[in-house]
Amino acid sequence: MRVWICAWILALPWITPQLCAQSTASLPRTADGKLDLNGIWQAMNTADWDLETHGSVPGPVSSLGAIGAVPPGEGVVEGGTIPYLPAAAARQKENYQRRWTDDPEIKCFMPGLPRATYLPYPFQIVQGANTILITYAYAGAVRTVRMGHPGKSPTDSWMGWSVGHWEGDTLVIDVTSFNDQTWFDRAGNFHSDALHVVERYTPRGPDILDYEASIEDPKVFSRPWKIGMPLYRHVEKNAHLMEYQCIPYAEDVLYGHLRRAEGGSK
Amino acid sequence: MSLRLIGVLAVAAWIPTSAQNGVPRAADGHPDLSGVWTNKTVTPFERPRDLAGKEFFTEQEAAEYEKTHVFDVDKRDNIRGTNRDVASAYNSFWWDPGTKVAKTRRTSIVIDPPDGRIPPLTAERQKQLQEMAEARRRRCEKPGCEPENSGQLGPADGPEDRPLMERCLSFGNAAPMVSSAYNNNYEIVQTPGFVGIDIEMVHQMRRIPIDQTPHLPSHVREWVGDSRGHWEGDTLVVDTTNFNNLESFRGSDENLHLIEQLTRIDADTIIYRFTIDDPTAFTKPWTGEIPFVKSDGLLYEYACHEGNEGMKGILSAARADEKRAAAASVAHQ
Numbered sequence: 001m002r003v004w005i006c007a008w009i010l011a012l013p014w015i016t017p018q019l020c021a022q023s024t025a026s027l028p029r030t031a032d033g034k035l036d037l038n039g040i041w042q043a044m045n046t047a048d049w050d051l052e053t054h055g056s057v058p059g060p061v062s063s064l065g066a067i068g069a070v071p072p073g074e075g076v077v078e079g080g081t082i083p084y085l086p087a088a089a090a091r092q093k094e095n096y097q098r099r100w101t102d103d104p105e106i107k108c109f110m111p112g113l114p115r116a117t118y119l120p121y122p123f124q125i126v127q128g129a130n131t132i133l134i135t136y137a138y139a140g141a142v143r144t145v146r147m148g149h150p151g152k153s154p155t156d157s158w159m160g161w162s163v164g165h166w167e168g169d170t171l172v173i174d175v176t177s178f179n180d181q182t183w184f185d186r187a188g189n190f191h192s193d194a195l196h197v198v199e200r201y202t203p204r205g206p207d208i209l210d211y212e213a214s215i216e217d218p219k220v221f222s223r224p225w226k227i228g229m230p231l232y233r234h235v236e237k238n239a240h241l242m243e244y245q246c247i248p249y250a251e252d253v254l255y256g257h258l259r260r261a262e263g264g265s266k
Numbered sequence: 001m002s003l004r005l006i007g008v009l010a011v012a013a014w015i016p017t018s019a020q021n022g023v024p025r026a027a028d029g030h031p032d033l034s035g036v037w038t039n040k041t042v043t044p045f046e047r048p049r050d051l052a053g054k055e056f057f058t059e060q061e062a063a064e065y066e067k068t069h070v071f072d073v074d075k076r077d078n079i080r081g082t083n084r085d086v087a088s089a090y091n092s093f094w095w096d097p098g099t100k101v102a103k104t105r106r107t108s109i110v111i112d113p114p115d116g117r118i119p120p121l122t123a124e125r126q127k128q129l130q131e132m133a134e135a136r137r138r139r140c141e142k143p144g145c146e147p148e149n150s151g152q153l154g155p156a157d158g159p160e161d162r163p164l165m166e167r168c169l170s171f172g173n174a175a176p177m178v179s180s181a182y183n184n185n186y187e188i189v190q191t192p193g194f195v196g197i198d199i200e201m202v203h204q205m206r207r208i209p210i211d212q213t214p215h216l217p218s219h220v221r222e223w224v225g226d227s228r229g230h231w232e233g234d235t236l237v238v239d240t241t242n243f244n245n246l247e248s249f250r251g252s253d254e255n256l257h258l259i260e261q262l263t264r265i266d267a268d269t270i271i272y273r274f275t276i277d278d279p280t281a282f283t284k285p286w287t288g289e290i291p292f293v294k295s296d297g298l299l300y301e302y303a304c305h306e307g308n309e310g311m312k313g314i315l316s317a318a319r320a321d322e323k324r325a326a327a328a329s330v331a332h333q
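Chains as they are written, first to last, in the working numbering: chain A, 1 to 266; chain B, 1 to 333.
These aren't lab readings, by the way, just hints derived from the structure by calculation.
In silico DSSO-like cross-links for lysine-lysine, where the CA-CA straight-line distance does not exceed 27 Å:
{"#": "1", "chain 1": "A", "residue 1": "93", "chain 2": "A", "residue 2": "226"}
{"#": "2", "chain 1": "B", "residue 1": "312", "chain 2": "A", "residue 2": "107"}
{"#": "3", "chain 1": "B", "residue 1": "142", "chain 2": "B", "residue 2": "323"}
{"#": "4", "chain 1": "B", "residue 1": "294", "chain 2": "A", "residue 2": "152"}
{"#": "5", "chain 1": "B", "residue 1": "103", "chain 2": "B", "residue 2": "294"}
{"#": "6", "chain 1": "B", "residue 1": "323", "chain 2": "B", "residue 2": "312"}
Let the hints inform the model, and build the full structure from the sequences given.
Here it is in structure tokens:
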């Protein structure tokens, strides 16, 4: 029924077509009437290389040529730049200089948020009524989103403490209790343990979500700021989230200096 | 399906109380497996010889067994006062197998064969495992092999030499999901097309699509294997293949075909059964059963790899041993 109304509105050019673009009446729903976000999703941008607009630059290993280089991309930060406090801006520049050794992504550490969302790998939403699991391919990272849960996290963590609720057809997740160990991207953008992220997942259609994350951290930023990007559903018939257990690939970086030297003690 | 499996599945299909009324159900009519569950238990994996022929404890025997088999941190076979003894004591602090036998009061996790014992390994697998153990032992004839602060003796030339749990890769309780050292907690989220199981121990994740798609091609291998689920009546049956050859469950190899059955029998209990079908490792398939008990607690993040200072300690100790040995050898000359 509403689909027909929408088609009729589209026929009237003086009424904004956005009314229809935002209509979610025909989208699939779970048994409890909530929007059904189940599926495998992925960002399609270069935010993991740098949240801000960046040109292409060479990678750290020249033998990898074009594979290891940094691809260019337009930024995802609302307003263009991240509002660092002066000391934090200096720290970010240092991080950038050391990005090919210090980025926790190199070490296969859990990515934190919102970075997990726009890593260049898929993730899967498993939407139960009271609990939503979000499982990420990278590092086997996983988070439990507790819907309407009043509890507080007893400690900080890599993926934070996620409490969700619905605002109409938007899934809102409030994430707190982060540690200060994760970065936002490979360009050294960072945060402290005072980070507070509010994520909003709003459908733009059955296969596209508008993702927005507002980021607040008074120890690092002069004001709250936002990133936004679409997330795309993997619609392939055989789409499955495969395992990307990266610990074995990071062990040499982490422990290589403690290996036994060939033929004797080190 | 292989012939050798038909007999096993006939046994495993016998679930004590399936299709019961009062079992919470999802909107699509299937039993609802959602929630936080624990399977920690002091029930022995294999039936002890002195319980031969006895499939179930009486209530009194169960209470007696629990009293005498509570994990005892003082039951260590180390020489007191050594570094190894201190390291073991530290580890013991974390151990949490619970204090209760499985609520079915079975005397072993293994339920088939009926004697509650794992069938023998094939001759080829036995030979292979012996050769691997022998190779490790030979490498241990040089210094730097048995770092005193580590949990397990063996070579420590690099992280790849160490057991999977020291590398935060696996504690061996993900596929199948058996009671392990500690953190025996599982969060199940169930949707009509997919069941996700978050395993608290080193946050391993079971991804179980409920669909008809084929398994991954055989050259692709995963640590927890490649799972597909389907419902048989009120039982969720999960079929998993494509394991790698680095993880081994009680001697299994990469040809393991794991079949799991999850049946919720009441508000507090899922009966979990797993069948190990691995023709190159075991002389016949075998089945285990552990009840999953509903937990009031929440799952928390276990960031093991991110804080793995233990690995640095183990490798450093091995290098220090080598240095000491080298110095002693020079002094001796």
